[in-house]
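Just so you know, the sequences run in chain order A and B. Taking this note's numbering, the leading residue of the first sequence gets 1, the next gets one more, and so forth. Taking this note's numbering, the leading residue of the second sequence gets 1, the next gets one more, and so forth.
Residues from chain A that face chain B, not an exhaustive set, calculated with beta carbons under 8 Å:
no., residue
1, Arg14
2, Gln20
3, Leu24
4, Lys28
5, Asp100
6, Ser101
7, Ile102
8, Asn104
9, Ala105
10, Pro106
11, Ile107
Derived by calculation from the structure, the hints in this document are not laboratory data. Since the model is a prediction, treat every value here as computed from it, not as a measurement. Just so you know, even glycine gets a beta-carbon here, dropped at the ideal spot from N, CA and C.
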Amino acid sequence: MYIPIYATPRPSRRFWPVVQRNLLVWKKLAVPSVLGNIAEPLITLIAFGYGLGTLIGEVQGLPYIEFLASGSIAVSGALAATFEALYSAYSRMQVQKTWDSIMNAPIALDDIVFAEMLWAAMKSLFSVAAIMLVLVALDISRSPMLILALPLLGFVGVTFASIALVFNALAKGYDFFTYYFTLVMTPMTFLSGVYFPIEQMPLWLQRVANVLPLTAAVELVRPLVIGQWPAEVLRPLAVLVVYAAGGYYLALVLTRRRFYR
Amino acid sequence: MSNPSPLLRIRGLTKAYAGHPAVDDLSLEIAPGECLGVIGPNGAGKTTTIRMCLGLVAPDAGTIEAFGLPIPSRVREAKQRIGVVTQFDSLDPDFTCAENLRVYGRYFGLPRPLIDERVPRLLEFAALQSKAHAIPAELSGGMKRRLSLGRALINDPDLLLLDEPTTGLDPQARHLMWERLKNLLQRGKSILLTTHFMDEAERLCDRLLVIDHGRKIAEGTPRGMIAQHLESDVVEVYGEGAAATARSHAALAERVETSGETVFFYLRDARALLRVLSQEPGVRYLHRPANLEDLFLKLTGRQIRDDA
Numbered sequence: 001m002y003i004p005i006y007a008t009p010r011p012s013r014r015f016w017p018v019v020q021r022n023l024l025v026w027k028k029l030a031v032p033s034v035l036g037n038i039a040e041p042l043i044t045l046i047a048f049g050y051g052l053g054t055l056i057g058e059v060q061g062l063p064y065i066e067f068l069a070s071g072s073i074a075v076s077g078a079l080a081a082t083f084e085a086l087y088s089a090y091s092r093m094q095v096q097k098t099w100d101s102i103m104n105a106p107i108a109l110d111d112i113v114f115a116e117m118l119w120a121a122m123k124s125l126f127s128v129a130a131i132m133l134v135l136v137a138l139d140i141s142r143s144p145m146l147i148l149a150l151p152l153l154g155f156v157g158v159t160f161a162s163i164a165l166v167f168n169a170l171a172k173g174y175d176f177f178t179y180y181f182t183l184v185m186t187p188m189t190f191l192s193g194v195y196f197p198i199e200q201m202p203l204w205l206q207r208v209a210n211v212l213p214l215t216a217a218v219e220l221v222r223p224l225v226i227g228q229w230p231a232e233v234l235r236p237l238a239v240l241v242v243y244a245a246g247g248y249y250l251a252l253v254l255t256r257r258r259f260y261r
Numbered sequence: 001m002s003n004p005s006p007l008l009r010i011r012g013l014t015k016a017y018a019g020h021p022a023v024d025d026l027s028l029e030i031a032p033g034e035c036l037g038v039i040g041p042n043g044a045g046k047t048t049t050i051r052m053c054l055g056l057v058a059p060d061a062g063t064i065e066a067f068g069l070p071i072p073s074r075v076r077e078a079k080q081r082i083g084v085v086t087q088f089d090s091l092d093p094d095f096t097c098a099e100n101l102r103v104y105g106r107y108f109g110l111p112r113p114l115i116d117e118r119v120p121r122l123l124e125f126a127a128l129q130s131k132a133h134a135i136p137a138e139l140s141g142g143m144k145r146r147l148s149l150g151r152a153l154i155n156d157p158d159l160l161l162l163d164e165p166t167t168g169l170d171p172q173a174r175h176l177m178w179e180r181l182k183n184l185l186q187r188g189k190s191i192l193l194t195t196h197f198m199d200e201a202e203r204l205c206d207r208l209l210v211i212d213h214g215r216k217i218a219e220g221t222p223r224g225m226i227a228q229h230l231e232s233d234v235v236e237v238y239g240e241g242a243a244a245t246a247r248s249h250a251a252l253a254e255r256v257e258t259s260g261e262t263v264f265f266y267l268r269d270a271r272a273l274l275r276v277l278s279q280e281p282g283v284r285y286l287h288r289p290a291n292l293e294d295l296f297l298k299l300t301g302r303q304i305r306d307d308a
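Okay, chain A solo, but in the shape it has when bound (with noise of 0.2 Å):
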């Protein structure tokens, strides 16, 4: 049924089987898909990590391609996520129309709206588990606590799927993506403490950095995957659930209004 646009999200049990869909169409194209996630983090890495990593040295007390390594994880995760949820949920809700002939079954637009979110996070969690086991084959991380990262890159790949639902929501058209990851994710990718620490930057650009949530992504990744407990858990966690929240929301309100006008 229509619900007003306005009201809070009411996704039934009827998710699921939209999940499914895309699985089944996933796993199709599995293996390609997996090693395209893998292979431009490898690059990264490295290109970064080893060439750069020997003139730089250690980075807060680490070498720098554990470093990179822990902080570039949580960029592919969200990379993966926004992707799925740019792209290719907007073929599915535009171009294919697979969204309009799943809504002539018992399914609703909220339902599709919380499947496709939840679908973005786990194919993002695809990619950043092969990505783990590329840290432990180079032996650039073998600590137990990585098993610890994976729910909370879950939960970053809900976060940058939700952001991305907006913008979904919003495009007439593949170009406007171009702008999304030029103008929001590649910047951001600068300023969260990935390639290097976020108080190299001047003061004001700190506290840009602090708010952002891939900022709080990183600083709750890296010490997991090399091993430590984050400094501070609550704050980054705060501002994930922030974005998340605030962004699914906001994704699902311009969704009805795109499509109940």
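Dock chain B against the given chain A, drawing on the hints supplied.
Same frame as chain A, but now just chain B:
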């Protein structure tokens, strides 16, 4: 309506977009086992009406009940018993025909054994057994439409909402589609069919509703409506000079219409006109009974619609 419990009951349905009425005070009912045709030019409000029945568009006024369930508050239950074929195919391009059916069955929460049992039967119904493992891109237009129809049947619905199911198909594919739809009607399914093919409406529908600018302008059985609104016979006269000559015989017909280089004489008794025409050399003409297309053109006019 004689039936006390229609499958679908629409009362006073109204919807406007930016001040332009898309659907205007529309009422209709579909009895169990009935095929109701909704005919009207492009932009007449056919698709909007179907979308409101599915709870996808909120009406400005009016009520909809399917199986006695109010829409939209209980649309989920109602949709469990409804099958939909939309105007444009929305098949999943990544899935084979069989997978398209199977995945769609899951949207209805059907148990796996039931889906496994229905999929081969629906592929057979859609004459796609040999294409079970083909993807939609490998299918012809007619095959895609039949797969869409098969998909709409995965939940064994009591009511089918078909939005222009044969638009864009070649004659062979249309005839096969009609044959399948007749088969469904024989099995007791009810159908709401929108179309702008008059032969399709005449062949399949028990009852017709002509709408234009969102408003119902006529309703009845195909034959009954023709008898009510039209003269029984039509004589079409073709050709450049012929048209002018023919117009001079207007007094022999009840009504005369000109469209391009064709003149349409609507009359109850064609004998006098035919006698005159047969004596005029070089005049080409056709005498035929009045049909739904004549009715449609009389009711909605001959001009081309902006959005057509």
